[in-house]
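Could you build all of it, start to finish, from the sequences and the hints given here?
As they're listed, the protein sequences go chains V and E.
FYI, in our numbering the residues of the first sequence are 6 to 443.
FYI, in our numbering the residues of the second sequence are 6 to 443.
You may find that some hints are simply not true.
All copies of an identical chain are treated as equivalent in the list; a pair is satisfied when it fits inside any one copy or across any two copies.
Cut-off 20 Å, straight-line C-alpha distance, at most; resulting in silico cross-link-like pairs (EDC-like, lysine to aspartate or glutamate) [claimed, not checked]:
| id | residue 1 | residue 2 |
| --- | --- | --- |
| 1 | 103 | 83 |
| 2 | 332 | 159 |
| 3 | 241 | 317 |
| 4 | 430 | 302 |
| 5 | 299 | 240 |
| 6 | 299 | 358 |
What the hints contain is simulated information worked out from the structure, not anything from laboratory work.
Spelled out, the chains give:
2 protein chains.
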Amino acid sequence: MSKQQELDGLIKSIAAAGEKLPGPERRLFLKQGLTMLGAAGAASGAAGIGAAEAALPPGVPSWTKSLGTGVVTNPYGEPSPFEAHIKRRNLEWLTADKIASISFTPLADLKGIITPNGLVFERYHAGLPAVDPGLHRLMIHGMVDRPIVLSMDDLMRFPSISMTRFLECAANGGMEWRGAQMDRLQLTHGMLACCEWTGVLLSTLLQEVGVQKGAAWILAEGADGSHMSRSIPMDKALDDALIVYAQNGEPLRPEQGYPVRLINPGWEGNTCVKWLRRLKIGDKPWYHREETSKYTDLMPDGSSREFTFVQECNSVITNPCPENPLKGPGKFWVEGLAWSGRGKIKQVDVSFDGGVSWRTTRFTSAVLPRALTRFGVEWDWNGAQALLQSRAIDETGYVQPTYGQLRAVRGTSSIYHKNAIHTWKVNNNGSVANVQIS
Amino acid sequence: MSKQQELDGLIKSIAAAGEKLPGPERRLFLKQGLTMLGAAGAASGAAGIGAAEAALPPGVPSWTKSLGTGVVTNPYGEPSPFEAHIKRRNLEWLTADKIASISFTPLADLKGIITPNGLVFERYHAGLPAVDPGLHRLMIHGMVDRPIVLSMDDLMRFPSISMTRFLECAANGGMEWRGAQMDRLQLTHGMLACCEWTGVLLSTLLQEVGVQKGAAWILAEGADGSHMSRSIPMDKALDDALIVYAQNGEPLRPEQGYPVRLINPGWEGNTCVKWLRRLKIGDKPWYHREETSKYTDLMPDGSSREFTFVQECNSVITNPCPENPLKGPGKFWVEGLAWSGRGKIKQVDVSFDGGVSWRTTRFTSAVLPRALTRFGVEWDWNGAQALLQSRAIDETGYVQPTYGQLRAVRGTSSIYHKNAIHTWKVNNNGSVANVQIS
Chain V
6 MSKQQELDGL
16 IKSIAAAGEK
26 LPGPERRLFL
36 KQGLTMLGAA
46 GAASGAAGIG
56 AAEAALPPGV
66 PSWTKSLGTG
76 VVTNPYGEPS
86 PFEAHIKRRN
96 LEWLTADKIA
106 SISFTPLADL
116 KGIITPNGLV
126 FERYHAGLPA
136 VDPGLHRLMI
146 HGMVDRPIVL
156 SMDDLMRFPS
166 ISMTRFLECA
176 ANGGMEWRGA
186 QMDRLQLTHG
196 MLACCEWTGV
206 LLSTLLQEVG
216 VQKGAAWILA
226 EGADGSHMSR
236 SIPMDKALDD
246 ALIVYAQNGE
256 PLRPEQGYPV
266 RLINPGWEGN
276 TCVKWLRRLK
286 IGDKPWYHRE
296 ETSKYTDLMP
306 DGSSREFTFV
316 QECNSVITNP
326 CPENPLKGPG
336 KFWVEGLAWS
346 GRGKIKQVDV
356 SFDGGVSWRT
366 TRFTSAVLPR
376 ALTRFGVEWD
386 WNGAQALLQS
396 RAIDETGYVQ
406 PTYGQLRAVR
416 GTSSIYHKNA
426 IHTWKVNNNG
436 SVANVQIS
Chain E
6 MSKQQELDGL
16 IKSIAAAGEK
26 LPGPERRLFL
36 KQGLTMLGAA
46 GAASGAAGIG
56 AAEAALPPGV
66 PSWTKSLGTG
76 VVTNPYGEPS
86 PFEAHIKRRN
96 LEWLTADKIA
106 SISFTPLADL
116 KGIITPNGLV
126 FERYHAGLPA
136 VDPGLHRLMI
146 HGMVDRPIVL
156 SMDDLMRFPS
166 ISMTRFLECA
176 ANGGMEWRGA
186 QMDRLQLTHG
196 MLACCEWTGV
206 LLSTLLQEVG
216 VQKGAAWILA
226 EGADGSHMSR
236 SIPMDKALDD
246 ALIVYAQNGE
256 PLRPEQGYPV
266 RLINPGWEGN
276 TCVKWLRRLK
286 IGDKPWYHRE
296 ETSKYTDLMP
306 DGSSREFTFV
316 QECNSVITNP
326 CPENPLKGPG
336 KFWVEGLAWS
346 GRGKIKQVDV
356 SFDGGVSWRT
366 TRFTSAVLPR
376 ALTRFGVEWD
386 WNGAQALLQS
396 RAIDETGYVQ
406 PTYGQLRAVR
416 GTSSIYHKNA
426 IHTWKVNNNG
436 SVANVQIS
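Below is the structure:
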């Protein structure tokens, strides 16, 4: 009921905002960019067709005069060939090799909050393993009364649940800590995705095995060649940690941990162990390789923060951006994504003058906890240079920091957990550059 | 906030239900289907590893001892080869040819509520056209003050919104009206999908063109060879009709109307005109071919009901089903999908005895208006024959009818709008058959 009201409200707010605009301002959409028919077309509905033809590309397109192809030409469909540029990309220099590396989600080309499975960023510690689901097993043992080994068939018999949640690498944007300025949104923020994950709550499985008194941590270990492993506090396991076998409706993709992975909603991606083969329950963390030599935050005083699991509140404008320049002055729909590992997004403000003044945006997607949230605002661009920023606030009241605020605490030696307010500089010619404002 | 509470409630209800189960009953999961470690394994956490190895397939899998493949091996990823059976299927005999035909969504293999783009059912009236987005135009004319012709770039400048909504062919399940019993869930209910759709509210565009007094209907026309067209009442256009250019985050798929289509949430799929090229505003419906010779409901007295747009409340059990037989007695997670073109699903009950007694299920996904909703309930199967049914109730109070109730009003000559309670017969050997109970 409340969700219905929420969406009704969204729809009404958009309609209402439109109504408030005076005619001439609204018609800027037409004047600046759209092909408006002349007075002849407006005079009568019937005359409209003829007038409109003048605005059409010459000739009647072939596809309106012929039969197309039949059903199940692609039993598993693919994107239009006109959209072949929308793909995951990597950076050759970022890691020593392509086996233990990362690829980036093409955020500039995506809409809404769901990331299609074929475009979810990749992160491997020993490459993508080809796991046979019939041979794969998940063992749960340690401080439990009834240790078990589960086949995938076994796992499917437990109650399941589906949640739409973001997934983000702790290193998302990490290249910018020391001032590097990547020239694509895909590279500045693309270690990020959001899917509907389906599986069994870890709490359900813990109930099955019977957790013993004193148990406080869980080791999650992957079946890949790196045996990627992380220590997870029991509180998270009993909250919303999910043993996942499906994403966006279908079985997990190989690069996302097929046939089964852990998802800790809102936590750094490396804790969401893929190709999950083992959960060991214990009374303290294991301090394995990936939580000591990696995935700790180097502070200005030389110490390292450990177990910084939560991906704090963050946001970015996805249109315009370097991949989506502005095509001449006029009205545009400026939009972006906000997310917080602590819950729902409460508000997103946008600045067009580098943070001097701010306008509150509208939400244009479902607003779910620990999920990407889409925001948007109309902007009438006069053709002058502009500095675009977004600033998100989550339901805990946390406000996304500036680079200055973030570096005052964290210094510049970190790799992980960069969530500073990001700036796009719009040039006079409509091109967009990545700049840093502290 | 309310959505957070809703999901928290979901999670807690699952946990709570588990807690209430006495130990022995809960452990049926183990006794019947799972591989429980012996007392030695249970005695100590450390001993668990050795004991568990006995339950593992022989040998250490190759993928745990080697490096896998690198990033962007597939810049646009694909499903695991182990899941190649999950695909759209068609019925050769259903239509005169494959050009103007339909394919079905593999519902038995899907989880959650999102249908991945590659598996959304297809319906063509003149085949799948290859539309060039750079040449495509959308014209809005008729009883308007400012007729316009929009390029895709133009359309992208308007405020956008994203909504997760189901899409269903009016003929979904139509083969069963006269008693045919298809042997797959994919064929009984697979003209159904649910996506996050992104685009511009039709009401936003109508405001742009200025609708004239007396306007009451809108003709939507496609650019394919059939020039598929339907008359849409103005009320729907001003409510939630959406001009869509993206599905599940990425550009519309070719078979879903690339580059732009109409979505009338909750209404029969054929009104959601694909490859949309024209919207004409008028004062009465056009009575085009697809709303006279097709897409009307033949009633028992020989008359035809016209403009029956809404897809009424419906549901089906997706596990078990003919494609998902039961593997021996024991506990199972029985789940399915419910949906209503009038709003949210309020309740879904499941019967295991052909409708004599009912159990209320839990929702295990987000509950959104005019979207698929996932329900589930635990079932301890004793190995005896059983008749499984699901019965959905929507927020208007409408209760999904039995075949008897539906046929009393509609007869058996219809093709469209079949939403009767569906029955799966579970045989002693765990196989599942489609039967009809009136």
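Outcome of the hint check:
no.	hint	result
1	103 to 83	between (26 Å within a copy, 19 Å between copies)
2	332 to 159	between (55 Å within a copy, 10 Å between copies)
3	241 to 317	within (16 Å within a copy, 40 Å between copies)
4	430 to 302	neither (29 Å within a copy, 57 Å between copies)
5	299 to 240	neither (23 Å within a copy, 57 Å between copies)
6	299 to 358	neither (38 Å within a copy, 56 Å between copies)
Hints 4, 5 and 6, counting from the list given before, are not met by this structure.
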